[in-house]
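Visitor: Taking the hints into account, I'd like the entire structure generated from these sequences.
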Amino acid sequence: MKRFEFLIERALLLCALVSVATTVGIVGVLLFETVEFFTEVSIVEFLTGTEWTPLFANPKFGVWPLVLGTLLVSGIAMAVALPLGLLSAVYLSEYAPPPMRRVLKPVLEVLAGVPTVVYGYFALLFVTPLLQSLMPSLAGFNALSPGIVMGIMILPLVSSLAEDAMQSVPNSLREGAYALGATRMQTALTVVVPAAFSGITAAFILAVSRAVGETMIVAIAAGQQPRATIDPRVPIETMTAYIVQVSLGDTPAGTLEYRTIFAVGMLLFLGTFGLNLASTWVRERYREVY
Amino acid sequence: MSAGTPVVPSLAARTRPGSASLADRPVKIDVKDLNFYYGQKRALENISIQLRANVVSAFIGPSGCGKSTFLRTLNRMNDIIPGTRVDGTVLIDNVNIYDPKIDVVGLRRRVGMVFQKSNPFPKSIFDNVAYGLRINGMATSKAEVHERVEASLRAAALWDEVKDRLHDSALAISGGQQQRLCIARALAVKPKVLLMDEPASALDPIATQHIEELIYDLKKDYTIVIVTHNMQQAARVSDFTAFFWLGRLVEYDRTEKIFTAPAEKLTEDYVTGRFG
Amino acid sequence: MASASTALATPDVDAGIARRRTLDLVFQAVALLVLLAVLAALAALVYSILHDGLGRLSWDFLTSYTSRHASHAGIRPALAGSIFIIVLTAGIALPVGVAAAIYLEEYGTRSRMARLIELNIANLAAVPSIIYGLLGLGLFVRVLGFGGSILAGASTLALLVLPVVILSTREALRTVPMSLREGSYALGATKWQTIWYQVLPVALPGILTGLILALSRAIGETAPLITIGALTYVPFLPDSVWSPFTVLPIQIFNWVSRPQVEFAQNAAAAIIVLLALLLTMNATAIWLRDRFQKRRIS
Chain A
1 MKRFEFLIER ALLLCALVSV ATTVGIVGVL LFETVEFFTE VSIVEFLTGT
51 EWTPLFANPK FGVWPLVLGT LLVSGIAMAV ALPLGLLSAV YLSEYAPPPM
101 RRVLKPVLEV LAGVPTVVYG YFALLFVTPL LQSLMPSLAG FNALSPGIVM
151 GIMILPLVSS LAEDAMQSVP NSLREGAYAL GATRMQTALT VVVPAAFSGI
201 TAAFILAVSR AVGETMIVAI AAGQQPRATI DPRVPIETMT AYIVQVSLGD
251 TPAGTLEYRT IFAVGMLLFL GTFGLNLAST WVRERYREVY
Chain B
1 MSAGTPVVPS LAARTRPGSA SLADRPVKID VKDLNFYYGQ KRALENISIQ
51 LRANVVSAFI GPSGCGKSTF LRTLNRMNDI IPGTRVDGTV LIDNVNIYDP
101 KIDVVGLRRR VGMVFQKSNP FPKSIFDNVA YGLRINGMAT SKAEVHERVE
151 ASLRAAALWD EVKDRLHDSA LAISGGQQQR LCIARALAVK PKVLLMDEPA
201 SALDPIATQH IEELIYDLKK DYTIVIVTHN MQQAARVSDF TAFFWLGRLV
251 EYDRTEKIFT APAEKLTEDY VTGRFG
Chain C
1 MASASTALAT PDVDAGIARR RTLDLVFQAV ALLVLLAVLA ALAALVYSIL
51 HDGLGRLSWD FLTSYTSRHA SHAGIRPALA GSIFIIVLTA GIALPVGVAA
101 AIYLEEYGTR SRMARLIELN IANLAAVPSI IYGLLGLGLF VRVLGFGGSI
151 LAGASTLALL VLPVVILSTR EALRTVPMSL REGSYALGAT KWQTIWYQVL
201 PVALPGILTG LILALSRAIG ETAPLITIGA LTYVPFLPDS VWSPFTVLPI
251 QIFNWVSRPQ VEFAQNAAAA IIVLLALLLT MNATAIWLRD RFQKRRIS
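Protein chains in written order, with the numbering used here: chain A, 1 to 290; chain B, 1 to 276; chain C, 1 to 298.
Mixed in with the good hints there might be a few duds.
What the hints assert, rightly or not - DSBU-like mimics (lysine-lysine), calculated; alpha carbons at most 35 Å apart, straight line: (1) C:Lys191 to A:Lys2; (2) B:Lys142 to B:Lys220; (3) B:Lys163 to B:Lys32; (4) B:Lys220 to B:Lys123; (5) B:Lys32 to B:Lys265; (6) A:Lys105 to B:Lys41; (7) B:Lys101 to B:Lys123; (8) B:Lys142 to B:Lys163; (9) B:Lys101 to B:Lys142; (10) A:Lys105 to B:Lys265; (11) B:Lys101 to B:Lys41; (12) A:Lys105 to B:Lys123.
These are calculated hints, taken from the structure and not from any lab test. Fair warning: this is a prediction, and the values are worked out from it, not measured in the lab.
Guide: Written out as structure tokens, the structure is:
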């Protein structure tokens with residue numbers, strides 16, 4: 001009987017360790033293929049080169065255009081998601097009457113639960129034509145439309161995490177501000193938001209991480225042309241979209257092309273992992289004790 | 001007369017209750033037939049009371065008797081709680097604060113409030129005191145802000161303790177200091193009336209003594225209303241005392257009289273500790 | 001008289017109040033408009049998909065194989081693939097996730113190992129899904145030799161949703177009252193007997209709710225399955241865990257990527273089916289949660 005209990009505990013621990021094994025697996029797989037990749041391509045060329053043409057006869061492996069494409073789309077997404085998400089959060093937390101909150105919050109959650117391939121469809125076949133009617137110079141594939149749609153997709157994440165942070169600001173601080181003659185806007189912007197600063201910042205960083213790792217919207221609507229540009233009207237390619245592009249083709253394992261996706265994946269993993277750590281760190285380090 | 005400068009009190013203001021001059025003070029707050037409702041429930045019933053200028057009035061009574069609720073009707077703090085309703089009138093300096101034309105934001109600047117649990121903003125000591133000046137646009141220059149912050153901290157008897165660390169977080173000072181900071185914050189916007197909701201209930205005896213001495217000093221410049229569950233405290237700091245029970249004002253008189261010869265049996269039972 | 005009625009008003013300050021009031025109203029209006037704009041975007045998304053896809057939806061569309069001709073093409077293999085892979089994902093993620101949660105909640109509390117595992121799970125939850133695809137490609141497809149099979153896909157998705165399953169299971173376990181465990185121990189039950197016969201049955205609806213919500217994320221995933229080599233053209237139904245496969249999101253991606261408007265309509269119709277599946281799953285989860293809560297109250 002005792003032995004059985006012991007075995008059960010070990011089995012449960014084993015299952016819990018699957019998550020650790022997953023991390024080890026991710027790092028292991030990425031590292032193995034990336035190291036192989038760098039035996040053939042110089043790491044300096046990879047990180048500093050401005051041309052990415054690994055599938056050409058005369059391949060060039062400068063990852064910069066993919067990084068710039070990722071940053072461009074993420075930047076547009078953040079320009080949408082951060083201010084609008086924060087405003088929504090302020091409205092939901094400080095203004096909305098409770099019945100309205102009860103309706104609006106689940107609707108925002110629906111927005112967050114829509115599969116990304118659906119957003120890709122929306123970006124390519126609804127938002128891009130709409131933008132083209134306003135801006136004729138916009139190409140059919142571009143960074144602007146997927147950026148905006150990605151912003152809409154990430155907005156609920158920002159709004160819900162920021163609202164949580166504001167809700168945890170004690171009411172006594174709001175009363176203190178009201179008692180001094182502050183309006184609701186002044187209370188929200190000069191007391192509640194600063195008091196919730198660490199939680200809001202953590203939400204922002206997490207949102208950036210989500211944008212950088214988002215794949216299908218850009219794979220569908222941004223094009224597949226690695227290009228070192230900050231012009232949001234022309235086709236570009238992100239790191240994630242490149243991985244999809246190569247995966248769709250018939251690239252045999254062990255070739256240099258095959259390894260490029262792991263090298264790009266490694267960069268992506270390090271970037272998002274760094275952002276996630278930063279988000280946790282900000283939340284812990286600057287946690288307000290009221 | 002400029003409304004910003006408080007009435008200069010006579011020396012008699014420092015005398016203990018019982019002085020003949022107290023009853024001659026002008027009425028500062030005049031409440032008539034005030035009822036207050038949480039939804040369907042009536043929490044305050046037909047309260048009528050006149051609070052005089054430059055004296056300390058204490059509200060006492062058992063928990064849930066409505067004394068804090070009543071205090072919060074005097075700066076319309078209850079407005080921010082959904083589902084509440086008030087009828088009756090509250091005149092402050094002869095103006096009905098529940099008049100639809102009255103701006104609640106302006107009212108709250110003039111009727112300051114200190115809360116049961118000190119609630120400094122997570123900002124520096126300086127920024128806490130300067131907060132009200134800034135949001136109300138009351139100081140035009142940096143020098144003026146500095147001047148007002150220092151004056152308020154001095155008035156709250158906190159200046160000497162914090163003058164060397166004005167830019168430290170307000171959350172780093174002791175509980176008693178935090179409460180005096182909240183008083184300084186309220187004084188900075190030059191209110192006429194200072195409402196205090198059990199301001200010392202979370203403090204140790206020494207910090208409590210500091211607050212009580214401060215209240216005594218402040219009444220020469222302000223009309224003070226304090227809610228307390230501590231009867232000794234009411235006896236020590238106040239000139240007038242009002243006893244509340246089940247949402248009603250049972251008795252209101254000179255503090256001395258309430259504690260030595262109350263007119264109502266209920267009051268006597270309470271102040272002698274027979275219930276509550 | 002005049003001085004009495006203005007005693008409450010200090011002109012220098014009150015001049016600013018009207019402006020602050022207006023500012024407050026403007027700010028509130030802007031914030032509300034932003035929220036409404038977001039809802040409008042959601043409405044536009046739903047409208048564009050229904051508008052484009054509803055006309056294509058038919059029994060034939062659900063039961064036909066893919067075709068070069070948009071009007072003959074259907075989603076039979078993709079729908080079957082999605083259902084097959086979700087069931088298999090659940091079969092892997094449920095036991096592993098629940099076991100891991102039991103360990104963290106009931107056994108390893110506060111040990112350093114548990115702390116490490118928790119930290120690790122929190123970080124995994126924020127890793128982009130395409131990175132899981134690369135893990136699946138390197139580990140399941142190549143090293144373990146599963147190839148681009150349903151098993152490789154389900155294993156990858158199971159790892160992807162594992163953090164969510166573990167977190168929601170722990171929450172469900174936490175709602176089981178301590179008195180229930182104590183009652184069981186008092187009768188001489190061992191720890192595992194207590195968990196298996198007393199704790200798990202009570203926590204089960206909560207666990208299933210979390211599982212369904214996790215799976216509703218998995219069913220919409222596209223990128224990791226493309227990465228492990230799921231096919232875009234599958235003219236047959238999957239018949240075992242070793243079958244090559246496709247899923248609805250990949251089929252949608254494939255159709256969206258074609259220039260002809262007829263294929264875009266197919267994509268929209270397939271999206272309607274995918275969203276209907278998602279809605280059904282979410283509704284089930286909500287129904288389970290409500291039932292769970294009612295039982296706890298009574």
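Visitor: Take the hints in turn and mark each one as holding or not.
Guide: Going down the list of hints, with the structure as the test:
1. C:Lys191 to A:Lys2: 10 Å, holds
2. B:Lys142 to B:Lys220: 28 Å, holds
3. B:Lys163 to B:Lys32: 44 Å, violated
4. B:Lys220 to B:Lys123: Roughly 30 Å between the alpha carbons, so the hint for B:Lys220 and B:Lys123 holds.
5. B:Lys32 to B:Lys265: 24 Å, holds
6. A:Lys105 to B:Lys41: 31 Å, holds
7. B:Lys101 to B:Lys123: Holds. B:Lys101 to B:Lys123 sits at ~34 Å (cutoff 35 Å).
8. B:Lys142 to B:Lys163: 17 Å, holds
9. B:Lys101 to B:Lys142: 33 Å, holds
10. A:Lys105 to B:Lys265: 54 Å, violated
11. B:Lys101 to B:Lys41: 27 Å, holds
12. A:Lys105 to B:Lys123: This hinted pair holds, its Cα atoms lying about 31 Å apart.
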